[in-house]
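For the record, the sequence lines run as chains A and B. The working numbering puts the last residue of the first sequence at 315; the count rises by one with no breaks. The working numbering puts the last residue of the second sequence at 467; the count rises by one with no breaks.
The hints are simulated quantities; they were obtained by calculation from the structure and are not laboratory data. All figures in this text were calculated on a predicted structure; none of them were measured in a lab. Hints should not be assumed to be uniformly reliable.
[Said to hold, decoys possible] Here are the simulated SDA-like pairs of lysine to any residue, each with C-alpha atoms no more than 20 Å apart in a straight line:
no., chain 1, residue 1, chain 2, residue 2
1, B, 454, A, 246
2, A, 302, B, 454
3, A, 302, B, 406
4, A, 302, B, 409
5, B, 454, A, 228
6, A, 302, B, 384
7, A, 302, B, 404
8, A, 302, B, 442
9, A, 302, B, 421
10, A, 302, B, 418
11, A, 265, B, 407
12, B, 454, A, 256
13, A, 263, B, 419
14, A, 302, B, 429
15, A, 302, B, 426
16, A, 265, B, 384
17, A, 302, B, 450
18, A, 265, A, 301
19, A, 302, B, 425
20, B, 364, A, 246
21, A, 302, B, 364
22, A, 265, B, 379
23, B, 370, B, 360
24, A, 263, B, 407
25, A, 302, B, 382
26, A, 302, B, 370
27, A, 302, B, 379
28, A, 263, B, 384
29, B, 370, B, 426
30, B, 454, A, 242
31, A, 262, B, 405
32, A, 262, A, 300
33, A, 262, B, 455
34, A, 276, B, 419
35, A, 302, B, 414
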Amino acid sequence: TQLLEQSPQFLSIQEGENLTVYCNSSSVFSSLQWYRQEPGEGPVLLVTVVTGGEVKKLKRLTFQFGDARKDSSLHITAAQPGDTGLYLCAGWDDYKLSFGAGTTVTVRA
Amino acid sequence: GAGVSQTPSNKVTEKGKYVELRCDPISGHTALYWYRQSLGQGPEFLIYFQGTGAADDSGLPNDRFFAVRPEGSVSTLKIQRTERGDSAVYLCASSLYGYHKEQFFGPGTRLTVL
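Just chain A, same shape as in the assembly:
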């Protein structure tokens, strides 16, 4: 099993601030995915990054995939209360997903 470590474990910020969460592994992944999970719901896919060095933007969210394809980051600009949730990174381990433990983000109004 390929392990993904996420940091920080918890993050609490004020509305309008920026935040970055990290996902690191000692293994190379063909691609990495980021999900957001809200209480009582399953994870929902935000983005898939495939190419080393790739940067993808989704409105106020920016995702980066490391050059060596072992790490990724998620940056949120001007966070809003609606961004509150558990952010999970996941890598494909053959045909199944291997998840990190997640970062719980709380955005205070």
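Assemble chain B onto chain A, guided by the hints.
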């Protein structure tokens, strides 16, 4: 269209009892996955079905856990002689057939073993 549904949403049982958790995948999705998510953790793979057959059950923790998908659609995860350590949210996901196809997750069943 309808997403992945799971029933029940919550299940409370006593140690030693048998439970069944049901997953209805998105229509037309041939791949189905079960994951378990403990408090403060990400989902952990349990089993993967392609059609009716279990293609990979390497994530099942022991022989008390079993899953079936007899007609290639609905799947049932069965846990015998439940233990307190089995308490978790059990998530089901489905996807189209193919390599690294997007998985769509259900809301999960929260199992509590007293």
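Do the hints match the structure? See the list:
no.: 1; hint: B:454 / A:246; in the structure: violated (24 Å)
no.: 2; hint: A:302 / B:454; in the structure: holds (10 Å)
no.: 3; hint: A:302 / B:406; in the structure: holds (16 Å)
no.: 4; hint: A:302 / B:409; in the structure: holds (9 Å)
no.: 5; hint: B:454 / A:228; in the structure: violated (24 Å)
no.: 6; hint: A:302 / B:384; in the structure: holds (11 Å)
no.: 7; hint: A:302 / B:404; in the structure: holds (15 Å)
no.: 8; hint: A:302 / B:442; in the structure: holds (18 Å)
no.: 9; hint: A:302 / B:421; in the structure: holds (18 Å)
no.: 10; hint: A:302 / B:418; in the structure: holds (19 Å)
no.: 11; hint: A:265 / B:407; in the structure: violated (39 Å)
no.: 12; hint: B:454 / A:256; in the structure: holds (13 Å)
no.: 13; hint: A:263 / B:419; in the structure: violated (41 Å)
no.: 14; hint: A:302 / B:429; in the structure: holds (19 Å)
no.: 15; hint: A:302 / B:426; in the structure: holds (19 Å)
no.: 16; hint: A:265 / B:384; in the structure: violated (31 Å)
no.: 17; hint: A:302 / B:450; in the structure: holds (13 Å)
no.: 18; hint: A:265 / A:301; in the structure: violated (29 Å)
no.: 19; hint: A:302 / B:425; in the structure: holds (18 Å)
no.: 20; hint: B:364 / A:246; in the structure: holds (14 Å)
no.: 21; hint: A:302 / B:364; in the structure: violated (26 Å)
no.: 22; hint: A:265 / B:379; in the structure: violated (28 Å)
no.: 23; hint: B:370 / B:360; in the structure: holds (18 Å)
no.: 24; hint: A:263 / B:407; in the structure: violated (37 Å)
no.: 25; hint: A:302 / B:382; in the structure: holds (15 Å)
no.: 26; hint: A:302 / B:370; in the structure: violated (30 Å)
no.: 27; hint: A:302 / B:379; in the structure: holds (18 Å)
no.: 28; hint: A:263 / B:384; in the structure: violated (29 Å)
no.: 29; hint: B:370 / B:426; in the structure: violated (26 Å)
no.: 30; hint: B:454 / A:242; in the structure: holds (18 Å)
no.: 31; hint: A:262 / B:405; in the structure: violated (37 Å)
no.: 32; hint: A:262 / A:300; in the structure: violated (24 Å)
no.: 33; hint: A:262 / B:455; in the structure: holds (17 Å)
no.: 34; hint: A:276 / B:419; in the structure: violated (34 Å)
no.: 35; hint: A:302 / B:414; in the structure: holds (16 Å)
Consistency with the previously given hints fails for numbers 1, 5, 11, 13, 16, 18, 21, 22, 24, 26, 28, 29, 31, 32, 34, ordered from lowest to highest.
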